[in-house]
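S.K.: Heads up: the sequence shown at position 7 corresponds to 7 in this note's numbering, and the numbers run straight through without jumps.
By construction, these hints were calculated from the structure, which means they are not laboratory data.
None of the values given here were measured: they were computed from a predicted structure.
Beta carbons: idealized from backbone N, C-alpha and C, even for Gly.
Take these hints with a grain of salt, some might be off.
What the hints assert, rightly or not - Okay, derived cross-link-like pairs now, DSS-like style, lysine-lysine, Cα gap no bigger than 25 Å in a straight line:
(1) Lys55 / Lys10
(2) Lys12 / Lys55
(3) Lys29 / Lys10
(4) Lys34 / Lys12
(5) Lys10 / Lys34
(6) Lys49 / Lys34
(7) Lys10 / Lys25
To be verified - Quick list of the computed label-pair ranges, beta carbon to beta carbon:
(8) Asn60 / Asn38: 30 to 38 Å
(9) Glu61 / Glu22: 37 to 45 Å
(10) Leu16 / Gln58: 18 to 26 Å
(11) Glu22 / Asn60: 35 to 43 Å
(12) Lys29 / Tyr50: 14 to 22 Å
(13) Glu22 / Glu56: 29 to 37 Å
(14) Asn60 / Glu27: 30 to 38 Å
(15) Lys34 / Glu61: 22 to 30 Å
(16) Glu53 / Tyr28: 19 to 27 Å
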Amino acid sequence: MKKAGRPKGKNKNARLNIMIEEKIKSEYKKIAQKNGTNISVKTCELIVKYINENKEAQNNERY
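The task is simple: from the sequences and hints, build the whole structure.
M.R.: This is the structure:
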C-alpha cells in the first residue's frame, strides 16, 4: 500500500484545531487510510474545494 502523507511541494505552516466526536474522527481516519491518505490531507483538500467553490459564487454575485 502507498504511504499516506501530504503531496510533495506543499508546505504546511499553520495548524487548524477542530472539535468533533471521537466516533466521527475514527470513521474518517479509517476511511482515509483505506483510500491511501490521511485525515490531514483530506481535510486540506476539502477546505481548498470549499474555498474555490465559494470564491466563484462570490465573484458571480459582485457582477
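S.K.: State for each hint whether it applies.
M.R.: Hint-by-hint comparison with the structure:
1. Lys55 / Lys10: holds (21 Å)
2. Lys12 / Lys55: Cα-Cα ~22 Å, so holds.
3. Lys29 / Lys10: Roughly 21 Å separates the two Cα atoms, so the pair holds.
4. Lys34 / Lys12: Roughly 23 Å separates the two Cα atoms, so the pair holds.
5. Lys10 / Lys34: Satisfied, since the Cα-Cα distance of roughly 22 Å is no more than 25 Å.
6. Lys49 / Lys34: holds (21 Å)
7. Lys10 / Lys25: holds (24 Å)
8. Asn60 / Asn38: 30 to 38 Å: holds (34 Å)
9. Glu61 / Glu22: 37 to 45 Å: holds (38 Å)
10. Leu16 / Gln58: 18 to 26 Å: For leucine 16 and glutamine 58 the Cβ distance comes to about 21 Å; the hint holds.
11. Glu22 / Asn60: 35 to 43 Å: holds (39 Å)
12. Lys29 / Tyr50: 14 to 22 Å: At 20 Å between Cβs, range holds.
13. Glu22 / Glu56: 29 to 37 Å: Given range 29 to 37 Å: holds, Cβ gap about 35 Å.
14. Asn60 / Glu27: 30 to 38 Å: holds (35 Å)
15. Lys34 / Glu61: 22 to 30 Å: violated (39 Å)
16. Glu53 / Tyr28: 19 to 27 Å: Given a distance of about 21 Å, which is inside 19 to 27 Å, the answer is holds.
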